[in-house]
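Engineer: So the chains spell out like this:
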Amino acid sequence: MRSLSNIFWLGTKELRSFFSDWVLLGFVIYSFSLAVISQAQSNAQEVFHASIGVVDEDHSELSRRITHAFLMPYFKEPVAIAQADIEHLMDTGKYTFVIDIPPNFQRDVLAGRQPGLQINVDATAMIQAGLGSGYAQQIINTEIAQFVSQVERVPESPVNLAVRIAFNPNVTTAWFSSVMGIISSVTMLAIILAGAALVREREHGTMDHLLVMPLSPFEIAMSKIWANGFVIAVAVGLSLYLVVRLLLKIPIAGSIPLFTLGTILYLFFATAIGLFLGTVARSMPQLGLLYMLVAVPMNVLSGGATPLESMPPWLATVMQASPSTHFVSFAQAILYRGAGLDVVWPQFLAVAGIASLFLFLSILRFRSTLSSASN
Amino acid sequence: MNGSDEPVAIVRAFSHRYRSVTALDCISADIPAGRLVGLIGPDGVGKSSLLAILAGARKIQEGAVAVLGTDISKAAERALICPRIAYMPQGLGKNLYPDLSVRENVEFFGRLFEQSRREREWRIKELLESTGLAPFADRPASKLSGGMRQKLGLCCSLIHDPDLLILDEPTTGVDPLSRRQFWDLIDRIRGRTAKMSVVVATAYMEEAERFDWLFAMNEGKILATGSPSDLKQQTGTQSIEDAFVTLLPHRQLTGNEKPIGPPLDGHAEPVILAKDLTCRFGDFTAVDRVNFTIRRGEIFGFVGSNGSGKTTTMKMLTGLLPPSEGEALIFGEVLRAGDLEARRRVGYMSQSFSLYGELTVRQNLVLHARLFHLPPTFAEARIAELIEKCGLADYLDDLASSLPLGIRQRLSLAVAVVHTPDLLILDEPTSGVDPLARDQFWQLLIDLSRNQGMTIFVSTHFMNEAARCDRLSLMHEGRVLATDTPAGLVKARNANSLEDAFIGFLEQEKPSAPSVLTLEQPEAIASEPDKTTSRDSRRSFFSFRRLFAYTIREGLELVRDRIRLMFALFGTALLMIVFGFGISADVNNLSFAVLDRDQTPESRAYLSELRGSPYFLEKPPLTDYAELDRRLKNGDISVSIEIPPNFGLDIKRGRPAYVSAWIDGAMPFRASTIRGYLQGMHQLYLSDPVLDTTKAAAPLPANIEVRFKYNQDFDSIYAMVPSTLAMMLALFPAILMALAVVREKELGSITNLYVTPVTRLEFLVGKQLPYVAVALINFIIMFAMAVFIFNVPLKGSFVALLAGTIIYVFTTTGYGMLISTFCTTQIAALFGTAILTILPAQQFSGMMTPVSSLSGSAQLIGLCFPMSYYRPISVGTFTKGLGLTDLGSSILMLLVFVPVLTSLSMMLLPKQER
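Same order as they appear, the protein sequences are chains A and B.
In terms of my numbering, the first sequence is residues 1 to 375.
In terms of my numbering, the second sequence is residues 376 to 1289.
Since the hints were derived computationally from the structure, they do not count as laboratory data.
Because the structure is a prediction, the values reported are computed rather than measured.
Mixed in with the good hints, there may be bad ones.
[Claimed, not checked] Lysine-lysine pairs mimicking BS3-like chemistry, simulated, CA-CA at most 30 Å apart:
| # | chain 1 | residue 1 | chain 2 | residue 2 |
| --- | --- | --- | --- | --- |
| 1 | B | Lys-449 | B | Lys-469 |
| 2 | A | Lys-94 | B | Lys-1084 |
| 3 | B | Lys-650 | B | Lys-596 |
| 4 | A | Lys-76 | A | Lys-249 |
| 5 | B | Lys-596 | A | Lys-76 |
| 6 | B | Lys-596 | B | Lys-469 |
| 7 | B | Lys-434 | B | Lys-1286 |
| 8 | A | Lys-94 | B | Lys-1170 |
| 9 | B | Lys-1170 | B | Lys-1120 |
[Claimed, not checked] A short, non-exhaustive set of chain B residues, derived as facing chain A with CB atoms under 10 Å:
| # | residue |
| --- | --- |
| 10 | Asn-666 |
| 11 | Gln-738 |
| 12 | Thr-795 |
| 13 | Tyr-1093 |
| 14 | Pro-1274 |
The beta-carbon is built from N, C-alpha and C at its ideal position, and this holds for glycine as well.
Next comes chain B alone, as it looks inside the complex (with noise of 0.2 Å):
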């Protein structure tokens, strides 16, 4: 059990700072090889922060670490020890992809480390099967209870033997069953490969008994270092939670364990009854015929793993859900929705952190103190109480995104009760919070109960804090197994604890369970000769493998999500039918309105040509000044045609006559356009032989002809729907590029990107491809309904045209891949591509003006953008009846945007997290 002598990481005066906020102060520690190492301490203390270091997924600010013997803040060595390490992160399954199916998440991370189909079935066989998990290869991980998905984890981390493992709080939030197999395992996997080390942060404290050697940490420093018995030894204490305690320089732990105070009132009236409640998600049942009743001042626990039904029980109960069947009734009635009143009675703590990070501690309360409308001496008096009793006066000015969790649930708590509420749900308030802060929230919540009668409904997976409930229900995969007092769950299993007592009734409910963990394969590890092809070989700089396995991955969810693709594949085609017909620069039906105050032969045959015209169209004639100048100004008439007395007579008598118009000039383009016909309708008119007048007219002295080439009736849509087509393409893909890596980035799966082998290139290029793909298929849809729906033909080079559009699409996913790279929530992404691909399309690529006839930053950005250049080749081959060789220029610049975009994005995504 120990490899070398040498230490597998070694840090040293090593520093990490947010902002801020100092999450590491100059630790330096050797981390010895072979061992199971454990980090504990409180939360946010740094624990995270250093295993994100070693494991390489962070920038190293300030001092040096060596892991594996190599200096790791040099890019290049690292990327040599990457594929050793193995890395886990905090949160269930964060890694993971929740759309894939189990087997489908393993190859992911089989097919990053490069390794051969043959190899990747044998290991992926080896580990299910040793998890336990192969009999649900095919399941989403979405589906997978806790304890399932984090040895999926496991499974994908240890796909490739790796020399040192890291795991980020692993078994948090995980039942006791599972949380034992997930150890039991750990132990077997170290028995198999002895030199392998592994490094843990736990926030159980009662799992640090079992590790090999501890490092004790708070407010970024190592406080102690040592072997389990070492520590006990050196505080004189009986666990390791009480000897982290009294290594704690300034902070105490205030009593512990069972509530004080008046024993419960059994004969209380019952505040919340359940009976027979129900609630199914599709074909999933979710809580199943769950029956308890809890009695007024009871601190009554739910007991369970996440996915076991608790939230959603609570959220029947507070309305948000409603339930599939059965009933729940709080004070004795059903809460409804509507029901404003009872939600007055009624406070409640979500899973998720549910306070407005972007608010101030005072803020927050004061917000909650406004909404439930409390009278503002009562108010002030009841939240200078709270912030007194929660210990919340030093943040008071403090954003609440800020806080530590420990602080922040102490403020939701805050929260909850702000209105004196008879009845509060918690759910699962502790979760992630350190063993001191969970204590000083029990001794509010006790408080609460005991001193003011509030009835408390708290769920949990911690059993210290089941022990310390009133009556607990046991739950288990939608079912509640027992419900009693904590004495008499422990009784009723001859246990010695209430954790070995849940273990029990969980055994009991599926026997098994244990079995599935016997499977061992010894010595298939050592004796494969193909095994360590991936390990031992040099390092590629470039692989088609991991590219694909990004390409795999992500088509995958592409996929799955059904509505996006249907949206993704015909969005396109329904945008491209109301852009071809909606969007032209054909000016018609225009109206028009006379105002003839001559009213003779001579004024109704000049107006005869317009009224002929198939551009115009006549609206009731004016009959004043007043009526033309309002029928202009409400839109009424887009022209005015004003003649004016004795026009016929002027003619008649050879006097010039004048006619005047009034164009509405709101709209500058079609006020040019009806000026234009007009001026040429008014020269027909002048060449009319009906214009009998005593002067014969001149007649034209040149012919001049317009030819509209490419398309005779000068008809927009020949020149709008390839255009069209070219706008779609621009969009779509786009936006689906920047969401994909933005996403990853938010749900936190982009630490695959900082901990693998995968390189910048493969990781964009890989998730680019199943875009390009989409696009592509819109291209062919758009394509037929040119053809067929818009019935304009293909004039020029198909080949020309696929060719332009295949570069093309890699342009303009390559473009949604660079502001991605500068936006870190989705809603940014979204509208920043939105603003910056809708305007160049629309405006500045040539659809309506050629590029070089725009002036201004417009020109500029017109210039930059692809489809500046992909319309030419779109329009040409469309209506121009273009080939390869006249499009060669075009299809040139295109290739050259690929380059660019793809090493722009790659110099702004950084490969390690700051």
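Same shape as in the complex, but just chain A (with noise of 0.2 Å):
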């Protein structure tokens, strides 16, 4: 009891003290607000406006409707151009997709001679090259198709593949973008706040003041990471109702409480991992390349930027160690497919179980190093 009261008066001291740092507020709220925005509108996860250019040497009736096929706004209006220039205009990026469509293609195709076509596509550019072909080839094929069969009466396909999409039937990337926005805002916050207010303690040599009471190195380490982890999740919580449903119109399939409690487990750790760092640490320079070091791995290898099944397996199997792999896909789960605790479990316990042992080994260095080195 004496324990619990102790955290919460000195956790609402860390509160007192967070919001009286204005510069820190705002970018708290940017990170939850315009970050998120931005990044749900960005349409960086499919194929976009992506640039296209049409060599067309057949200048036939079919050429001009393969070229007039790629619509907005997946694909900007193709520009046509000349064979030579495919491999400069390709060079400086001016163009990810180049279509060449051969002489005499109309003809050809007419005749059953199974004429070439080539794309040429930007390798570099990598989510638009690998989408884009697909979509091109698509594209290309229906309109040679419909053309054809205007001629001649095309047999019936045999088989057909019905496609459908779960948990998210138009693909839209905002839906995933905007929370993945959310989910690495709450790693990068949650690591810096606590390792920073550790640092910020020591520097201003309260920290001695705080060891001299009655107070054990948990209670003081509980307290930071309840304030801390309280002021994400509402900011979480806000971030999703405000931004994600209101602002951007974006369905939320699952239950946001249960989201919330995830995200609660999650932000024991990485509460504890920053005030891991934050005793590692001796200055505010080294904590930002430790902090880098740490904290951008565990958000770009979490699986919400690249699917861990891409991942070389050792990698994919070392990030299952880090809560925030778990944590992308209990939020996949949750919000995406409307999974209730029955599905998602594993992962809670995952996130909490790794969460015990990182606040564990924190508390157990805060103790020695604070003991040790308070000078």
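Using the supplied hints, reconstruct the complex from the two chains, each of which is provided in its own coordinate frame.
Structural biologist: This is the structure:
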């Protein structure tokens, strides 16, 4: 009881000091509002406004149809270019796709000679190259098929494939990127707030003051964890309701309270690791560098940017030890697939387990570093 | 000793405010030239503000100030006289760089004043020898004692032979011997250059006796002016301290000196017992075999300069630091870190201000009462009592950070005794507090000791406070020189005062001390032919020497902080490995499961395409829809294929057959890719002759051939490795640079920008160069990694890549520089730089999607971020095999960023404090 009361009252102090730092508050608001919005609206995860050039050496009805089949918003208006310019224009990244329609293409198609048509793709435009080349093939195939069927009847396909996308029928990327934006802000903020709270307390000499009072390191650590975690949990809730639901009008399939519960579990971990880094770093520049080395990989490799199964197996295995991976995984399950506790409990358990381990480690370190080198 | 009759500085109707607080209230003064002028008065009356204004460090808000005959409100004119002024701010070595050695610190200032190597070396030699610092030339400033640090500060101030020397509390926290030496040094310097004017603020009233001219200040106003004897005569008092107190309008000094109350009981039980207490940090012994006993009810004093080991000893007593050797017994027991019960009996007030500035007075008191679990009714009564006793009633709802220092210390005391401890440990509680507030504070201490029986252990460097203790220990360089009653100590040295006694003990300790002061080179300054090059030459608007002064300084500091350097050099390499392997747009190892309700050769033939694909990985088959739903939901499978009953039969009979696929849409990019794969495979199946139907499959009308240029296998590593390189060079240099600038702001050395001739451009670019160098080393490491570890060869021109990289790292450090200009704390700079670089670098700079295809604010952010222009260079040279001519426009765009970022930063970075 006594301990709980200490943790509570110390935490209120943390809250007060957080709200008195206006610049920090401004950055927090930015990262949960504007940063989320610009990620949601970026269309960075899909084929959108891809630049396309066409070398039309056929100048036929069919080649014109193919050219006009590339439509906004997936593709920009195709631009006619000369064959000699392909290399140069693609080198400078002017066009991601260049379609080369050979001479006599229409004639050869109608004569059933199966002429070749080339799509040049700039493979360095990672996301667009893969998806866009598929789209382009499909568009061209459909155009040719329609053109041919006007001339002659094509037999109906014996097998049809109906592809449906579950949970996000129109494959709207804003659904995904907005929530992933929130998640990455949670990781970054939780680690830095907790770590900096510790370094600041040491720099300002108030740590000594706390330690000579009848307070245990556990209580000091827990007060920082709950207070900073609380701020972020509230920010996440507000961001989900106000920014994602209200402003961006993104439907959320699952239960926000369940997700918030998961976020709180995750925050235990993230603030604990922040405290841990705070005990390791001797100064702010050191904390900054440590933070980059820990927080950035945790964020980028959590599966929110690159699917885990695309990573080398060793890396995917290593990332299983990072709760950020489980956080992304249950966030997707709850928010998009509407999964309940019955589905996500293993991830919750993993996060809670790793969080307790880190909390334990950082309190151990906290105690030893503070008692040995508080100078 | 009197230069000209014209005053060195004239202040007219001058006021200065910090938000709502008025620091200086419409003052006018003529500060006489060629004299030693003192500003005396309590803390927070505007002494420091006035000195900072005279030095040009703060902006003039209202009124007129002329220094050396020049109006300093105009930047251009201020710049002209700036090389003739030297300013040493308050706080021990605040404008010095702790990681740099003594010589390097002085050299830095020499370069700032554009002295040639020859001139510099000659001057440094002269200054170090005359201050006795020569033997310690290679010692880092952080390892100097308080007195030596102030002497070093003085050397740095005198390197350019100023006409006006401004010293803000130069001797606060310095031991009496060093203090005496310091003033002797000032006297000798003035003896040599008669025209030099010195303006000093001091908290030691006894020092004021030796000044030529005094300004007594209180509450932002000047109370009286004149020579010390004038002031004493005016007030009819014997000492400046008394004269000052008499001058105060409404406050009165209540009793002085000795504690009143019952004499100390010499046989009370010991509360603190220190036995051979020793503390070492590495090879440095901070506290060396210290012994003493403190009895119940005693006021025990610890006297010594900063860095003499007082704080370390106290920390060992409170259990904050484990002793390296020996032991400390509190109430007869060793205080351990986990012993919370003993903590309840001890109150501790640490040296630095340790309250929470963002809480009000009441909130601070209530918080501590709660943390000590005082019963609510008792807590209420206790808080009311303390508020009354410590005179806090008027400040209850003020933030602790906004309180004047004296009140703040009373609050700290109230907080330290809120739980009525038996033992109170106070570490320099009155440092920086004015005489009156100090006196009130001691009244409180005496009351606690005599009337409540509290044992008090207090450290101080004020001799008149030491005289009020029952017993005291003199401490020097980690050792206790003597322990006795004040009278006993004076008697032991046959001295006149406690201060003389202390100096006697110190001199006995190191008899060589006075001899270092005898070195003099009286004619040196006047005779040297090339000495005035810097001062009289016309002011240059740009100087490489000043710029490199900052470059060298920053570089030295970076090299000294090994941990930071290692992270800075190899952190990028580590992240490069992680990201190079980890980030990719390849979609593979996709898990799928089949709900085959047909189970015929035809259905298996259809599935064989999928099963043979390298992109897909089959999981155990599904049995029903519920399972399909569940496994999609928990992410076990990314896609499910359902083949309906009679699939085979339909194909055989020529009826259209249908297959349906459900894809997990949680990750849209992956879902779209899967859809593309499935459709491709479906097409392959249709053209497969295995499909044995009654109708012949129509051959495709055209062959569409997709050519992935630059990367035939469409393996993302060829794009990802050069992109990661670009991203790393955006993150690390920006963060390092931002912290480097804000660090100077937070630690106070930014003052050197304000008061020396260095310009903002020189300051920023000078600090930028070491980080550009670090970034280029990073580049070389990452380049080697790309070629040898990731096997991504450089196909294009190395020259183009190198040229682009050099300009790029200037832009990324410039980006950090820009962020640093509007951040005041390192936390804000760290978090701000992180969120303002990571997101654009990762998502809006073309790493995943070309910037031209982004929309909304994302595109705008992308266009304003240098990485968007560097990534084409890096990817172009590595993967596309491009050269300088192809990349000219990108390099040019990057080049535009450099002046834009630099001039924006210059505009946002003030050359004066507000």
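Engineer: With reference to the structure, classify each hint as holding or not holding.
Structural biologist: Cross-check of the supplied hints:
1. Simply put, Lys-449(B) and Lys-469(B) have alpha-carbon atoms about 26 Å apart, close enough for the 30 Å limit, and the pair holds.
2. In summary, the hint linking Lys-94(A) to Lys-1084(B) is supported, as the alpha carbons are separated by about 14 Å, within the 30 Å threshold.
3. A hinted pair counts as satisfied when its Cα atoms are at most 30 Å apart, and Lys-650(B) with Lys-596(B) does not qualify at roughly 51 Å.
4. This hinted pair checks out: Lys-76(A) and Lys-249(A) have alpha carbons roughly 26 Å apart, not beyond 30 Å.
5. Restraint check: the Cα-Cα separation between Lys-596(B) and Lys-76(A) comes to about 71 Å, which exceeds 30 Å; the hinted pair is violated.
6. With a C-alpha separation of about 27 Å, the suggested pairing of Lys-596(B) with Lys-469(B) holds against the 30 Å cut-off.
7. Between Lys-434(B) and Lys-1286(B), the direct Cα distance comes to roughly 9 Å. Compliance with the 30 Å bound is thereby established for this hinted pair.
8. The hinted pair formed by Lys-94(A) and Lys-1170(B) meets the criterion: a straight-line CA distance of about 20 Å does not exceed 30 Å.
9. For the hint linking Lys-1170(B) to Lys-1120(B), the alpha-carbon distance of about 45 Å lies beyond 30 Å, and the restraint is violated.
10. Taking 10 Å as the C-beta cut-off, the interface hint given for Asn-666(B) is violated, the closest approach to chain A being about 22 Å.
11. Interface restraint check: Gln-738(B) against chain A, minimum CB-CB distance 8 Å, threshold 10 Å, status holds.
12. Proximity of Thr-795(B) to chain A is violated relative to the hint, the smallest CB-CB distance being about 14 Å (cut-off 10 Å).
13. The closest approach between the C-beta of Tyr-1093(B) and any C-beta of chain A is roughly 7 Å, which is under the 10 Å cut-off, so the hint is satisfied.
14. A distance limit of 10 Å between C-beta atoms decides the matter here; for Pro-1274(B) the minimum to chain A is near 25 Å, and the interface restraint is violated.
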